Structures are given as C-alpha cells and as structure tokens.
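Peer 1: Dock chain F against chain G, hints included.
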Amino acid sequence: MGSFVKVGMADYKIARAPDKLITAGLGSCIGICLWDTRGQVGALAHIMLPSGELSRGISHNQAKFADMALDMVLGDLRQDGIATNRLIAKIAGGAQMFKFLGESDIMKIGLRNVQAVEENLKKHNIKMVAKDVGGSMGRTIVFDPATGELLIKTLGNGERVI
Amino acid sequence: MVYIGDLSSMQLDALREIGNIGAGNAATALAQLIQAKIDMNVPRVKILAFDAVPELVGGADRHIIGVYLNVGGSVSSNILFMLPFEEAVVLVDLLLGQQIGTTRADTLGELELSAMREMGNIIAATYLNALAVFTGLTFIPSVPALAIDMAGSVLDAILAKFGEVADHVLLLETCFKKEEHKVVGHFFMLPEPEALDTILSALGVNE
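Listed in order, the protein sequences are those of chains G and F.
Take the first sequence: its position 41, counting from 1, is numbered 41 in the working numbering, and each next residue is one higher.
To convert, take the position in the second sequence, counting from 1, and add 1000; that gives the working numbering.
One should not assume that every hint holds.
Claimed, not checked - If you want the footprint, here are the derived chain G segments under chain F, 3+ residues with CB under 8 Å:
{"id": "1", "segment": "6 to 18"}
{"id": "2", "segment": "25 to 37"}
{"id": "3", "segment": "60 to 67"}
{"id": "4", "segment": "88 to 99"}
{"id": "5", "segment": "137 to 145"}
Bear in mind the hints are in silico, worked out from the structure with no lab data behind them.
This structure is a prediction, so every number in the text was calculated from the model and none was measured.
From the three backbone atoms N, C-alpha and C, an ideal C-beta is built for every residue, glycine too.
The following block holds chain G by itself, in its conformation from the complex (with noise of 0.2 Å):
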C-alpha cells in the first residue's frame, strides 16, 4: 500500500507509484498535476498566484507563483531523469469563491491563475490533457502516479475522475 503525499498551499512534491498526492482545498488556487508518461512518478504543485513577476523581490517561497513553480518542479524532475518531453499535465481549481465583491481583484485571481497555468504549460510544450477549472466549487484533489488519473472532490458537486 502506498502512502498520502500531503502538499500543501504554495508547495509542490514528486512522488512515485504506489504513493498518491493529494491537496486538500483548492479554491483560488490551482492544483497542476504532470505525470511522466514512461515511468510512474507524478508531481503536484499548489499555486496561488499568477506570476512571481509580481512579487517584487520580497518574496522568498517561489512555489507559490505558477511560472516559477513550474520552473523548479520540471528542475527537480530533470535531475530525477525525467525529460520535460515526456510529461503531460492535468489541472484543477481556479474557482471564484465569493460571489458579491464586484470586479475586485479577488474576484478575478482564480481565472488569472488558470490562464497563467496554461500559458506556461504552453510555453514549456507540455500538453495539457485535462482540466476542472472555474466555477464556485472548492476541490480536493487526489493525483495517482501509477495511472496518471487525477480524482476531484467537491462538497456539494461530488467527484468525478479526470
């Protein structure tokens, strides 16, 4: 029996089949789930923020940044000999969870985070195969490197397997 990798927000981990990566909680935020096609290694990152352009040189945890996440895990997973080629990824939360707070800033995070997800996703030619974004739903999400499936559960959706 493989174990839970527990990843939480702004923090990414690699894992190896039988053990699974889960986060629990994605509202804002976006779950980016890559799976190594060959071998049986996945890796999750929990993003909170579009880009850490953004950060002004203050900032010292970079996972938290969908470009520069993406930038370390595929880092990390080159050194583990897995070439970026081989990967395809798989993407869930980017909800908007307060509904009455006009055109804040607040309010548009989620789809600014899921369009800076897919552009670096682009931009490193990793396909992304499937994707549960938007809505007003929070998301746990449970990532199994043995099978590449990514399960997603709501509170009030149910779950469903992508």
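Peer 2: Positioned in the frame of chain G, the structure of chain F alone reads:
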C-alpha cells in the same frame, strides 16, 4: 514600511490589545443576536505561513462558512468570520428564532444565506467601531460576501492578496465559544502590509 517579521513584542502587544477591544464588543453583539452566552478566548496575534492558516479552523478541507469583508478607509484590511458548517446552521436557527435543526445543508435558502451574511456584517461592524473609537482611524467595510465550502478554498483568494509581497500573513484571531467551550466561530482580521504602519502609529508604537 514595517515588515511583519520585524515587529517588536511591544508592537505585537499593542496589536493584540486592539484585537481584544474589537473582539470583546463583537462577542457581545453575537451574544445579543442569538440571545445566548458567548465566551471568547484572549485574542491572538499570529504570523503564519499561508498553508498554516486553514489549520486554525480545522484543516483545509473542513466544511465551513466564511463571511468576508474588505475594509477600506485609513487602514486597508480584510475581515473574515469563519464558522464550522454545523455550528453556522445552529446560529442561523437561533437568529431566526426557529427550532435548532431546522436549517440543514439541503434547506439553505436565500433567507438563511442572508442571515449568515448579516451575522458576519454585524460582528465585523461592531469590531471595527470599537477599533475606530480606540485608534481614531477610519474603517469602511464593504458589503459582506459569503462562501460555503472547504476552509482552504474560502481562504486562498484572500491569502493570495498577501502572497505577492510576502510569504507570511499577520492576523488577529479570536475564537468565539458557546456553552461547554464549543467553538462556534473564528474571527480574523488581516491588515494589509501597508496598513500596519498606520495602525502602529495610531497606537503610538511605530518608532
């Protein structure tokens, strides 16, 4: 600008004291609303990494309701009142004068949602009024926004506002309790980084 990691213990004490004044009044308002006794813990000032914040309310996938208000005026900040879902429905029943157990996940209508928003609104307004009197600063809260979902998902967009310039967030936390010390709700105020200077100056501890 003051960085939260550089705050002195005297400054943290001063922040804790304004949390205390605000929360004391808010607890009274909540008790009057639901006509039940409400206790609160001594407010805490915490500086936390983002992923530690959902742990304060029982973990990122805990089913909660969150009422959020964006606060403008002389001090930009954020207010969040979070309650475990099963406690929130009890408070709604008390507020609406109905038998406890009437409001359930499958019977939530506009009236119940409105009651939840109003609860957060009154508590936040009471808290801010006390702060305004004490500090002489102006606080202008937005209309309350409501989310009912996993704790992490309700918090992350708010935490993201801080993420661009920091890895940690400073928050004033008060825990409201009903009989048998059962937690009914967590009240958080998160001043934006630029607002700390203003608050500390108003309190006379911004040296």
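Peer 1: Each of the hints needs a verdict: does it hold here or not?
Peer 2: Quick rundown of the hints versus the structure:
1. Against chain F, the segment 6 to 18 of chain G contributes 4 residues with a C-beta closer than 8 Å to a partner C-beta. That satisfies the three-residue criterion, and the hint holds.
2. Proximity of the segment 25 to 37 of chain G to chain F, defined as three or more residues with a beta carbon under 8 Å from a beta carbon of that chain, is established by the 5 residues found.
3. Look at the segment 60 to 67 of chain G against chain F: 3 of its residues bring a Cβ nearer than 8 Å to a Cβ of that chain, three or more, so the hint holds.
4. Look at the segment 88 to 99 of chain G against chain F: 5 of its residues bring a Cβ nearer than 8 Å to a Cβ of that chain, three or more, so the hint holds.
5. Interface restraint, the segment 137 to 145 of chain G with chain F: holds (4 residues with C-beta to C-beta distance below 8 Å; minimum three).
Hint violations for this structure: none, all hints satisfied.
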